[in-house]
Amino acid sequence: MKKRSALFHINRKNVLLILGLTLSALILLITIFSPLLETHNPTKMNLPNKLKAPSSENYFGTDALGRDVYSRILEGSRVSLGTAFVVVIFSAILGTAIGLFSGFIGGRTDMVCMRIVDIFLAFPTIVFVLAMTTFLPTNQLSLILAICCINWVRYARIARGEAVIIRNVEYIEAATAIGNSKTGILFRYFLPNTVSKILIMMSMDIGSIILYCASLSFLGLGTQPPSPAWGTMINEGRDYIRNAPWISIAPGIAVAVTALSFNMIGDGLRDALDPRMRESIQTE
Amino acid sequence: MLLELRNVTKTYWSGVMRNKAFHAVKDVNLEIGEREIFGIIGESGSGKTTTCKIIMGLLKPTSGAVLYQGEDITKLGKAKWHELRKSIQMIFQHPQMTFNPRSTVYSACAEPIRIYKLAKDADEEREMVLGILDRVGVSRDQLEKYPHEISGGQAQRLSIARTLLLKPSLLICDEPTSMLDISVQAQILSLLKEIHGKENLTLLYISHNLDVVAAICDRIAVMKDGEIVEMGNTDEVFSSPKHDYTKRLLSARI
Amino acid sequence: MEPVLRIDDLCVGFHVRDRVVNIINHVSLHIGENEVLGLIGETGCGKSVTGSAVLRLLPDNAVVAGQIDYRGKALLPMSEHEFNRLRGAKIVSVPQSPSTSLNPMMTVGMQVEECLTRRPDYSKKAQQVPVRERVQQIFERLRLNERGKIFRKYPCELSGGMCQRVLISMGAITNADLIVVDEPTKAVDWILRAGVVDVLRKMKEDYRCAMMMITHDIGVARALSNRIAVMYAGEIVETGTAGQVLDHPQHPYTADLISALPENGFHVTEGFMPSFEEMPAACRYQDRCAHCVEACRSGKPEMHETEPGHFVYCHRCRGE
Amino acid sequence: MLKYIVKRLLVMLLVLWAVSTMTYFMVHVTPGDAATAIVFNLTGGTNMDEELIERINKRFDLDKPVYVQYFNWLLGVFRMDFGISYRYNMPVMDMIKARLPNTARLGLTAVFLSALIGIPLGVLSALRQNRLLDHTSRVATLFIGSVPGFLSGLVLIIIFSLKLKWFPTSGMKTAGSIVLPAVTLALGMVATTTRMMRTGMLDVLRQDFMVVAKAKGIRRSSMLVSHAFRNALPSIVTVIGLQIGHILGGSVLVETIFAWPGLGSLLNDAVSNRDTPMLEGCVILITFGYTAINLLVDVVYAWLDPRVKYTEG
Chain A
26 MKKRSALFHI
36 NRKNVLLILG
46 LTLSALILLI
56 TIFSPLLETH
66 NPTKMNLPNK
76 LKAPSSENYF
86 GTDALGRDVY
96 SRILEGSRVS
106 LGTAFVVVIF
116 SAILGTAIGL
126 FSGFIGGRTD
136 MVCMRIVDIF
146 LAFPTIVFVL
156 AMTTFLPTNQ
166 LSLILAICCI
176 NWVRYARIAR
186 GEAVIIRNVE
196 YIEAATAIGN
206 SKTGILFRYF
216 LPNTVSKILI
226 MMSMDIGSII
236 LYCASLSFLG
246 LGTQPPSPAW
256 GTMINEGRDY
266 IRNAPWISIA
276 PGIAVAVTAL
286 SFNMIGDGLR
296 DALDPRMRES
306 IQTE
Chain B
29 MLLELRNVTK
39 TYWSGVMRNK
49 AFHAVKDVNL
59 EIGEREIFGI
69 IGESGSGKTT
79 TCKIIMGLLK
89 PTSGAVLYQG
99 EDITKLGKAK
109 WHELRKSIQM
119 IFQHPQMTFN
129 PRSTVYSACA
139 EPIRIYKLAK
149 DADEEREMVL
159 GILDRVGVSR
169 DQLEKYPHEI
179 SGGQAQRLSI
189 ARTLLLKPSL
199 LICDEPTSML
209 DISVQAQILS
219 LLKEIHGKEN
229 LTLLYISHNL
239 DVVAAICDRI
249 AVMKDGEIVE
259 MGNTDEVFSS
269 PKHDYTKRLL
279 SARI
Chain C
-19 MEPVLRIDDL
-9 CVGFHVRDRV
1 VNIINHVSLH
11 IGENEVLGLI
21 GETGCGKSVT
31 GSAVLRLLPD
41 NAVVAGQIDY
51 RGKALLPMSE
61 HEFNRLRGAK
71 IVSVPQSPST
81 SLNPMMTVGM
91 QVEECLTRRP
101 DYSKKAQQVP
111 VRERVQQIFE
121 RLRLNERGKI
131 FRKYPCELSG
141 GMCQRVLISM
151 GAITNADLIV
161 VDEPTKAVDW
171 ILRAGVVDVL
181 RKMKEDYRCA
191 MMMITHDIGV
201 ARALSNRIAV
211 MYAGEIVETG
221 TAGQVLDHPQ
231 HPYTADLISA
241 LPENGFHVTE
251 GFMPSFEEMP
261 AACRYQDRCA
271 HCVEACRSGK
281 PEMHETEPGH
291 FVYCHRCRGE
Chain D
194 MLKYIVKRLL
204 VMLLVLWAVS
214 TMTYFMVHVT
224 PGDAATAIVF
234 NLTGGTNMDE
244 ELIERINKRF
254 DLDKPVYVQY
264 FNWLLGVFRM
274 DFGISYRYNM
284 PVMDMIKARL
294 PNTARLGLTA
304 VFLSALIGIP
314 LGVLSALRQN
324 RLLDHTSRVA
334 TLFIGSVPGF
344 LSGLVLIIIF
354 SLKLKWFPTS
364 GMKTAGSIVL
374 PAVTLALGMV
384 ATTTRMMRTG
394 MLDVLRQDFM
404 VVAKAKGIRR
414 SSMLVSHAFR
424 NALPSIVTVI
434 GLQIGHILGG
444 SVLVETIFAW
454 PGLGSLLNDA
464 VSNRDTPMLE
474 GCVILITFGY
484 TAINLLVDVV
494 YAWLDPRVKY
504 TEG
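Chains as they are written, first to last, in my numbering: chain A, 26 to 309; chain B, 29 to 282; chain C, -19 to 300; chain D, 194 to 506.
It should be emphasised that the hints constitute simulated quantities derived from the structure, not laboratory data.
One thing to keep in mind: the hints can contain errors.
As the list claims (entries may be wrong) - Cut-off 27 Å, straight-line C-alpha distance, at most; resulting in silico cross-link-like pairs (DSSO-like, lysine-lysine):
1) C/Lys53 to C/Lys70
2) D/Lys196 to B/Lys48
3) C/Lys70 to C/Lys166
4) C/Lys166 to B/Lys221
5) D/Lys407 to C/Lys105
6) B/Lys195 to A/Lys207
What the hints assert, rightly or not - Simulated restraints, written as ranges between beta carbons of each label pair:
7) A/Asn193 to B/Lys54: 23 to 29 Å
8) D/Leu301 to A/Asn71: 46 to 52 Å
9) D/Leu203 to B/Lys103: 35 to 41 Å
10) C/Gly245 to B/His271: 26 to 32 Å
11) D/Leu398 to C/Val248: 40 to 46 Å
12) B/Thr90 to D/Leu207: 31 to 37 Å
13) C/Arg112 to B/Lys54: 42 to 48 Å
14) C/Pro288 to D/Thr392: 54 to 60 Å
15) A/Leu53 to B/Lys195: 49 to 55 Å
16) B/Gly98 to C/Glu243: 36 to 42 Å
Note that CB positions come from ideal geometry on N, CA and C, so glycine has one too.
The following block holds chain A by itself, in its conformation from the complex (with noise of 0.2 Å):
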């Protein structure tokens, strides 16, 4: 019997989805291998040829300093998708397990953490974080540890409003008349009914938080020169646009196709899950 769940349901014509798997799996790999695939060392200084057009030597030409663009482009995917993963799988599981638990008790303790969510919503993220990193010393893990604060809000909140609408479902009823315990009614129904939107959220928030944490390094937060990342780099860049540009493009594109991988993967997504997107004969 072929298993077929009604969690995935991608058919060829989801063609949004396959392609941005493709590409973040190619990106992954890219970073995972990124040591093998460096041609200079992104880090040492070559004074005498600095600001080189992109050539067959350095393919991404060369930085203010003489570093090669394209190394330092490869050792900084492993920074910003590294921070994208922790603070994504971090935020969804604390929202997520926030959400759901005060959508399922419901009454004071819901008020109350929708309250604490309404707080941390009123300030939007990158003024967060800046105001967070202030008293924490200017590297990468800070950087991180700000934006989970801030992030786990928006799963919070999705996971709360998914859990008020089961909670209302006749089926819950039935669960505890047949004699499930709260917590097996917690974890047997309320958890696996928010996944598929949660999944969803979460693909599209690894875009976002790329773009989050370039900004930022951009404003000179996270990891501190000379390690590259790839907002410092852009930032770097910034007072050579007009005769060598190639310095802050480069890996402007990186966050960009990076971003969009993940953006795809989230669309695609949705169409996947979205139970009115399958095709039904309406007899009725």
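Position chains B, C and D against the provided structure of chain A, taking the given hints into account.
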């Protein structure tokens, strides 16, 4: 006497200072004997579903007692209720909505076995599930399907099968056939009648459809706005209704 | 005299993935002047699709063949613009589920008034009675009390029963020739069901219009219809006057359906309707029919007239 | 309806108090003494004499216990007075008052631009679902949505100010200088606007009452306007509400690239200079603005949707 309801009341408070009271169920008294099919007639909002939920322990009554085999079950703790669940079971109005959309027909049916550990291993569990599903007439090719992929009739049979696994002595049916077609309704009603006969089961049948209640119930109670306005043997109530609401119901028969 | 509606050999199929699944299979029926035809059938037999085919409301992946005539004029070849002059004026629909068929953002009165005022061929001058007045009259006649106030209320403020009556008043206000009513009593309470039947009966008498009553509720069909057509698995299996079909049904399916009613002792017919993807060739009721003979499994039955006006689609009833 | 607004106002006040407290303690847990940081900033670390630090402590009353400082500060917040900026030695509020209109102007132009493109594009691609326009718009917005704001800013600078010399690269001197920052900010939002408009419109078009409207044979124009669009209106309001959140966040970035003298770049400077009062002022202004706008969006949403107006109210 299997089940007794004594002055059961359920009141919901609303309004800013919690002063506006709404009595979903007002001072209901009811006795249901062993192996009886007792019917409750009432329109939506008459409190019949609230009464079911109170008996099932899904809702706590504001006041009054629910005696099951002489013991007041509204005061029981969680552990006692876990045991009691096996003997009081319920089937619902929307069959497809009674099951977790993420689990297959097989795992939905196996759920009570897993919760109460009725089977030692997977093979025995599969045997029990296949046996009970044959008993209620759910065909084998439905096992791996999801609730939204099977028909209303099949889903209601699955719901009945699931309750039978726990060998209940009281089965509450909350309008099980109102969403079904006439031929499917006939199949479900005859299945209920058959298991009532064979499994010495007491049925509490809730419906707003007089024809169905007349066809299947021995004794009935008529509920309006949370109160029982009339009670008695089905033929008596139908032939000589006393309360004018019952008269109105009977005259509304097309 | 041309009947108000004549459907000849109608076939409707839907493009699903890469093939066409046929739902309606050679359906023919007619509705005369000021006559109510009850179209009875269970969920999934295609009765609503027939209704939608008449109103041309089928989704884009539908394939329609055959002929639908309104007073002699063929409807299918008409252009959308041309057909729109009839739809909503002469041919009107009272849809199913009142909770989702009303626009939540628009007042109830406006949605009824719109049936007249927002049509391309509407002219203010030509109205003898101002439209707002007519809407109030309709609301009053359908006992949507609180006369004045109901007009400005939103659907979310009304009960299911009141929304149902608003839908019916949308059909009534246009003085249409043919009204297609779809499942007026689906999942409706007992007393309310009687109320809906009264309202429809009053509408039938007041407006002298023809009606196609689509329902799975035999009681409603008996109370309102002059003639009844019974549908099973996309085919009409029996047609005749209400008395003929309900009191002495000829087709085995109709007989089983009536004996399955609770008041007739809910006699059980085993099995269930085959799905449209794997439909048996010859007679579609063969697997569940108690009187099934060899002929039923081999050849397609024809419509036989067992008594004047009473047609049965079955081998056994060759009118002996 | 009024009850709904009052309830939301009370919640908002609570949120604002909590937000300001959180900002205060977040920012005030600065390692090392604040006074030394100021002196270091002013003198560039040359002569760190004790007497100067002592005077600064007295002047900004940094020597009092924490809760007293917090309490005075909170009173200040009510009077919208955030004290004196360490860096510019001017009242924080005056700086903010000067910069706020610039951010507002930039933000509103960006919202206008993204609404102008996003809403019609979303509606059209919903009406022509799965046809050419729908697919192209989805892929295009997906691409634009994935490009980081500062990259698109830089690219626009290269093309329009360096190569074509149409617009200045930065600052606010000429009228044209608002175009590039506004477009950059708007680009970031077009993706979400179009996507949310499209889903909102699709949900409406799928409803039963659209089929009923078709069955009434009413004019296509009134079907689109009074049925489809009227039901999609609340989702437009939510989309615009979301965008404003995006502006307040995004402006920090765009204003830094284009040296646009707005609240965003002020906040960025405050962070790099560790100018605590300025930082607090900016953060609180932004969050208050954001919460107020969210409340406004919710109220307009409730007013537009009778289901919320009559049940919640």
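Verification of the supplied hints:
no.	hint	verdict
1	C/Lys53 to C/Lys70	13 Å, holds
2	D/Lys196 to B/Lys48	17 Å, holds
3	C/Lys70 to C/Lys166	26 Å, holds
4	C/Lys166 to B/Lys221	25 Å, holds
5	D/Lys407 to C/Lys105	25 Å, holds
6	B/Lys195 to A/Lys207	23 Å, holds
7	A/Asn193 to B/Lys54: 23 to 29 Å	25 Å, holds
8	D/Leu301 to A/Asn71: 46 to 52 Å	48 Å, holds
9	D/Leu203 to B/Lys103: 35 to 41 Å	39 Å, holds
10	C/Gly245 to B/His271: 26 to 32 Å	27 Å, holds
11	D/Leu398 to C/Val248: 40 to 46 Å	43 Å, holds
12	B/Thr90 to D/Leu207: 31 to 37 Å	33 Å, holds
13	C/Arg112 to B/Lys54: 42 to 48 Å	43 Å, holds
14	C/Pro288 to D/Thr392: 54 to 60 Å	58 Å, holds
15	A/Leu53 to B/Lys195: 49 to 55 Å	53 Å, holds
16	B/Gly98 to C/Glu243: 36 to 42 Å	38 Å, holds
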